[in-house]
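From first to last, the protein sequence lines stand for chains A and B. Mapped onto the working numbering, the consecutive letters of the first sequence carry residue numbers 1171 to 1364. Mapped onto the working numbering, the consecutive letters of the second sequence carry residue numbers 1171 to 1364.
Just so you know, the hints here were simulated from the structure itself, not pulled from any lab data. Keep in mind it's a predicted model, so treat the numbers as computed, not measured. Positions of the beta carbon are idealized from the N, C-alpha and C atoms, including for glycine. Heads up, some of the hints might be wrong.
Said to hold, decoys possible - With a cut-off of at most 30 Å between alpha-carbon atoms, the simulated DSSO-like pairs for lysine-lysine come out as follows: (1) Lys1190(A) with Lys1202(B); (2) Lys1337(B) with Lys1218(A); (3) Lys1218(A) with Lys1282(A); (4) Lys1313(A) with Lys1223(B); (5) Lys1282(B) with Lys1313(B); (6) Lys1313(B) with Lys1358(A); (7) Lys1299(A) with Lys1202(B); (8) Lys1313(B) with Lys1223(A); (9) Lys1202(A) with Lys1202(B).
As the list claims (entries may be wrong) - Derived contacts from chain A toward chain B, CB cut-off under 10 Å, selection only: (10) Asp1275; (11) Ile1301; (12) Asp1314.
2 protein chains.
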Amino acid sequence: MVETRKEEIIRVAARLFKEKGYSAVTMRDLAKAMGIKAASLYNHIDSKQDILKTIIISLAEEFTAGMVTILQSEISSLNKLKRIIALHVGITGENTDGMASLNNDWMHLEEKLDYYLMLRINYEDNFRKIIREGIAAEEIVDKDPDIMLFSILSTLRSLYIWIPDKKNLDPLQLSHELSAILLNGINKKVKKIS
Amino acid sequence: MVETRKEEIIRVAARLFKEKGYSAVTMRDLAKAMGIKAASLYNHIDSKQDILKTIIISLAEEFTAGMVTILQSEISSLNKLKRIIALHVGITGENTDGMASLNNDWMHLEEKLDYYLMLRINYEDNFRKIIREGIAAEEIVDKDPDIMLFSILSTLRSLYIWIPDKKNLDPLQLSHELSAILLNGINKKVKKIS
DNA sequence: GTCTATATTTTGATAGAC
DNA sequence: GTCTATCAAAATATAGAC
Chain A
1171 MVETRKEEII RVAARLFKEK GYSAVTMRDL AKAMGIKAAS LYNHIDSKQD
1221 ILKTIIISLA EEFTAGMVTI LQSEISSLNK LKRIIALHVG ITGENTDGMA
1271 SLNNDWMHLE EKLDYYLMLR INYEDNFRKI IREGIAAEEI VDKDPDIMLF
1321 SILSTLRSLY IWIPDKKNLD PLQLSHELSA ILLNGINKKV KKIS
Chain B
1171 MVETRKEEII RVAARLFKEK GYSAVTMRDL AKAMGIKAAS LYNHIDSKQD
1221 ILKTIIISLA EEFTAGMVTI LQSEISSLNK LKRIIALHVG ITGENTDGMA
1271 SLNNDWMHLE EKLDYYLMLR INYEDNFRKI IREGIAAEEI VDKDPDIMLF
1321 SILSTLRSLY IWIPDKKNLD PLQLSHELSA ILLNGINKKV KKIS
């Protein structure tokens, strides 16, 4: 599939947004990075806001779709968490720059802000539900589910910062190592009931 | 100690920067939040950049000082990590809003950018060193130290988002619960050697 | 599809009165 | 310490030629 000019603009914009944030990137910055004049951008996109909307909503819907698939699968809670980790590693690997906007610039969405917030809250609720089920099934330690959710999700949401530095690691391997550390911890001598 | 007008401006600015980011907050926004006109701000601060610099550098130096103390203490690597976790919980609890700028707006520093980057890299290097020592001492599992560093630090750096929602939890308790989850993981049945 | 030219608004910051 | 008035630069976006 060939990249349209609009897609190219969005890809380059995501890269710039990652470096300085949506608000600090001007249409002139974007035009210069594309090798054209700012006015020419408007032949392909409606507005600066249009670019942000496209980047964020498409990613948010990808995560939502991934979560739905995981929820439907009949596997243990721990394995669902592993698949969530793989989902984040996968999407972030495919669109590292866009993930920066999703994480840092969602508050600058105008028309689509409410829709985004709904998807985000839904995602977190489903994530928390999986943790609670894991606790009930005695797969997961009986501690505050919010702290576990926060801890894991913070790491997964920061992947975009860190994945570019680890280009040598393939997604599958990174997924496995990350799962091991997030789920089993780093303490070598753990008191457990196994 | 009484809050000076300059300190008040910086406190209010940090709150606004947390909501929309440094670039999206105008001096008029800040003035309105202070109940004065934009021009009046300049009787107390030199520039918008001056505010950002103050917020970020003071926090970065606090973390650096905390890390120095921890490095000097003669305790196990795991206990050093616990003290780092407590350091983040403590500083973030004291200045939640400022932590947003430290994490998200450091790239907008002008004059002090190089200094900040030096402190940041130093901090991460010391953090990594503690993890490596823990592996060598067989306190910490022998996995990629960068992934462990990334995972723990991502969570700690995101505390500012999450601490305001958990106002009921006292810092000491949060520190302990977070240490348990970050160091021991959430998996109830873990293969271990103890 | 890109350009030049330009309209309109907003921005950080200063000068000087009170 | 705050105000009004104002400046100069920079922002998003449009119109119309090529």
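Do the hints match the structure? See the list:
The straight-line distance between the Cα atoms of lysine 1190(A) and lysine 1202(B) is roughly 26 Å, inside the 30 Å bound, and the hint therefore holds. Restraint check for lysine 1337(B) and lysine 1218(A): not satisfied, since their Cα atoms lie roughly 37 Å apart, outside the 30 Å limit. Our distance criterion of 30 Å between C-alpha atoms is met by lysine 1218(A) and lysine 1282(A), whose separation comes to about 14 Å. With a C-alpha separation of about 39 Å, the suggested pairing of lysine 1313(A) with lysine 1223(B) is violated against the 30 Å cut-off.
A C-alpha spacing of about 35 Å is found between lysine 1282(B) and lysine 1313(B), which places the hinted pair above 30 Å, so the restraint is violated. A threshold of 30 Å between alpha carbons decides the hint, and for lysine 1313(B) with lysine 1358(A) the separation of about 11 Å falls inside it, so the pair holds. Note on lysine 1299(A) and lysine 1202(B): the hinted pairing is violated, with a Cα-Cα distance of about 42 Å set against a maximum of 30 Å. Our distance criterion of 30 Å between C-alpha atoms is broken by lysine 1313(B) and lysine 1223(A), whose separation comes to about 39 Å.
Of the supplied pair hints, the one linking lysine 1202(A) and lysine 1202(B) is violated, its CA atoms being roughly 35 Å apart against a limit of 30 Å. For aspartate 1275(A), the suggested interface contact is upheld, since its CB lies about 8 Å from the closest CB of chain B, less than 10 Å. Evaluation of the isoleucine 1301(A) hint against chain B yields a held restraint, the C-beta minimum of about 8 Å falling below 10 Å. For the restraint placing aspartate 1314(A) at the interface with chain B, the shortest Cβ-Cβ distance is roughly 6 Å, inside the 10 Å limit, so the hint holds.
Taken one by one, the earlier hints fail for this structure at numbers 2, 4, 5, 7, 8 and 9, listed in ascending order.
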